[in-house]
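2 protein chains.
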Amino acid sequence: MTTEVSTATQAQQAKSQHTLAPSGSMRARMEALIRQKQNEIVGAMEKIDGKQFFRDHWERPDGTGEGITAAIEDGNVIERGGALISVVHGKLPEAAVRKMRENHSSLRDKPDGDLPYWVCGLSMIMHPRNPMAPTVHLNYRYFETQNEDGSPQAWWFGGGADLTPYYLFEEDAKLFHKCLKNACDKYDPRYYPDFKAWCDKYFVNHHRGEARGIGGIFFDDLVDEDPEKVFSFVTACFNAFLESYPVILERRKDMPFTPEQKQWQLIRRGRYVEFNLLHDRGTQFGILAPGARIESILISLPLNVSWRYNFHPKEGSEEAKLVEVLKSPREWV
Amino acid sequence: MTTEVSTATQAQQAKSQHTLAPSGSMRARMEALIRQKQNEIVGAMEKIDGKQFFRDHWERPDGTGEGITAAIEDGNVIERGGALISVVHGKLPEAAVRKMRENHSSLRDKPDGDLPYWVCGLSMIMHPRNPMAPTVHLNYRYFETQNEDGSPQAWWFGGGADLTPYYLFEEDAKLFHKCLKNACDKYDPRYYPDFKAWCDKYFVNHHRGEARGIGGIFFDDLVDEDPEKVFSFVTACFNAFLESYPVILERRKDMPFTPEQKQWQLIRRGRYVEFNLLHDRGTQFGILAPGARIESILISLPLNVSWRYNFHPKEGSEEAKLVEVLKSPREWV
Numbered sequence: 001m002t003t004e005v006s007t008a009t010q011a012q013q014a015k016s017q018h019t020l021a022p023s024g025s026m027r028a029r030m031e032a033l034i035r036q037k038q039n040e041i042v043g044a045m046e047k048i049d050g051k052q053f054f055r056d057h058w059e060r061p062d063g064t065g066e067g068i069t070a071a072i073e074d075g076n077v078i079e080r081g082g083a084l085i086s087v088v089h090g091k092l093p094e095a096a097v098r099k100m101r102e103n104h105s106s107l108r109d110k111p112d113g114d115l116p117y118w119v120c121g122l123s124m125i126m127h128p129r130n131p132m133a134p135t136v137h138l139n140y141r142y143f144e145t146q147n148e149d150g151s152p153q154a155w156w157f158g159g160g161a162d163l164t165p166y167y168l169f170e171e172d173a174k175l176f177h178k179c180l181k182n183a184c185d186k187y188d189p190r191y192y193p194d195f196k197a198w199c200d201k202y203f204v205n206h207h208r209g210e211a212r213g214i215g216g217i218f219f220d221d222l223v224d225e226d227p228e229k230v231f232s233f234v235t236a237c238f239n240a241f242l243e244s245y246p247v248i249l250e251r252r253k254d255m256p257f258t259p260e261q262k263q264w265q266l267i268r269r270g271r272y273v274e275f276n277l278l279h280d281r282g283t284q285f286g287i288l289a290p291g292a293r294i295e296s297i298l299i300s301l302p303l304n305v306s307w308r309y310n311f312h313p314k315e316g317s318e319e320a321k322l323v324e325v326l327k328s329p330r331e332w333v
Numbered sequence: 001m002t003t004e005v006s007t008a009t010q011a012q013q014a015k016s017q018h019t020l021a022p023s024g025s026m027r028a029r030m031e032a033l034i035r036q037k038q039n040e041i042v043g044a045m046e047k048i049d050g051k052q053f054f055r056d057h058w059e060r061p062d063g064t065g066e067g068i069t070a071a072i073e074d075g076n077v078i079e080r081g082g083a084l085i086s087v088v089h090g091k092l093p094e095a096a097v098r099k100m101r102e103n104h105s106s107l108r109d110k111p112d113g114d115l116p117y118w119v120c121g122l123s124m125i126m127h128p129r130n131p132m133a134p135t136v137h138l139n140y141r142y143f144e145t146q147n148e149d150g151s152p153q154a155w156w157f158g159g160g161a162d163l164t165p166y167y168l169f170e171e172d173a174k175l176f177h178k179c180l181k182n183a184c185d186k187y188d189p190r191y192y193p194d195f196k197a198w199c200d201k202y203f204v205n206h207h208r209g210e211a212r213g214i215g216g217i218f219f220d221d222l223v224d225e226d227p228e229k230v231f232s233f234v235t236a237c238f239n240a241f242l243e244s245y246p247v248i249l250e251r252r253k254d255m256p257f258t259p260e261q262k263q264w265q266l267i268r269r270g271r272y273v274e275f276n277l278l279h280d281r282g283t284q285f286g287i288l289a290p291g292a293r294i295e296s297i298l299i300s301l302p303l304n305v306s307w308r309y310n311f312h313p314k315e316g317s318e319e320a321k322l323v324e325v326l327k328s329p330r331e332w333v
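Protein sequence lines, in the order shown, are assigned to chains A and B.
The first sequence runs 1 to 333 under UniProt numbering.
The second sequence runs 1 to 333 under UniProt numbering.
Since the list can't tell identical chains apart, any single copy or any two copies may satisfy a pair.
Below, a list of computed lysine-lysine pairs in the DSS-like style, where the Cα atoms sit at most 30 Å apart:
#, residue 1, residue 2
1, Lys201, Lys99
2, Lys314, Lys51
3, Lys262, Lys51
4, Lys181, Lys253
5, Lys174, Lys201
6, Lys174, Lys327
7, Lys201, Lys321
8, Lys253, Lys174
In short, the hints are calculated from the structure, not lab data.
Sequences are here, hints too, so could you generate the full structure?
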């Protein structure tokens, strides 16, 4: 456990910039939400695992950001996992703004030049020890660009959650998707089908022609005339995770398994690494950013991984059944 | 062990296109060289390991290429490794030619439009079981574009070899570099310093600010008024490997080691995976190519890998000594 301590002055500056957000602003509320949800998620996982997460608080030396990495390694139930929050601000260079405009319509009519931005988010991943228990990933974030007076200019929410089983238990897939669908349906009937399809399209190991897992939801650039609606939707998404994954983990964590089943899990974890390092834009963007916190970003990688040449499960086996589903994503609810 | 068999006609076409190369042509000679060196390397490794490599011969169904993947998993000495040859031809689309021109001067004055090409090469990687023994990588290839009558137009050689120890034995680093320098010096006194520097610049985990290993040589676009000279140099490079790595492996394969030292090896192997998937252009290009042989490309990844949060070796330890060298590459000969 380490803490990077900036100089007192820099830390002070950072603090004052954070608290500049009016107490009722979306920035302040989203920051409060991710702090609360980090605690809830870590609390739920610690309760199941029996071992405490360690917490690593960091601040950028120049006062432009801070975060908390809460992580676990060699837990009783979770082999490796982390729940990370970060709150970061700065100036986007003009070239980055131009690039961002392609995917974020609310940026399109903004002036050229460097643009002040503010972003906060929570990223989470859990790799359980038992191969019957699925790996899970979640990320929700709020992005804002600002006018000269610090008031919000363009903004959007992004994120999602997806499940990566090593053995397919349909009731788990259904519960995970059902909770997400319920969260979506309260706000917009198009959310679940759209965001489920987006997830199936994004989390793909293109070089292997198979999905990373059995999906969930994924969205970016989510805006609405009513920002409250989107904030409330994101809160519901967090809750959908808290209502489903701990239940799934409890169901699977003590199931018996063979060394061959553990080996299959390690091979599938290799696929997880391949996706994160070859295809995941978030990981690549994060890692290549100057001053990136590599260890926090790569907490997404499993503790143990294995590669085997041309390993194909036997026809009709449970392993083959999973691969079939990964090759053609299904509807679960 | 599998063999992909194309239809008889397609295979026949492929064969006839290969044998179109005049028997004394560079294509025919380089193909013969990589076949011979694959056998010599695999033979040398099998002799040390005591276990046979398996061989997986493949042909592209459309007759545009073939190769042999020779690999080993769970050997006595080598945990995972492969020596792959491939001989492939086709047409480069105009956009690819334009891109290639940036780095290959001999292409610059060639006509626009699709361009027939022919390439063959040998890629090799060995991950030994014992953490005192280094991982090694080698790749040499010959690329040629062709006129309408099949005669060579532009051509070049590329490749290199580099060593990735988990514990630093200076005598190993020196032997590896000395053999490469001897091979270089016979042809051009600038080769070794230039190609050693190129290697140090290329095999870098930029996101961690450290080299993958202790280097070797790396070159691309190598041409000369006298093609014989370059072919002879590449032959000498292969021999430099055969003169050094088997000696190093014999020295280290039976050394005692602790579970902690094995654990360190697994963590360092994570860095190897990070380089290959995040930074290596060859891997990324190979994987994203249509019809890529993923399992052959990813034979470069180790059998077992581990990620640990913020693992830093103790000051003054052997592990720390290695990291120091990776942070500032040294001259070895």
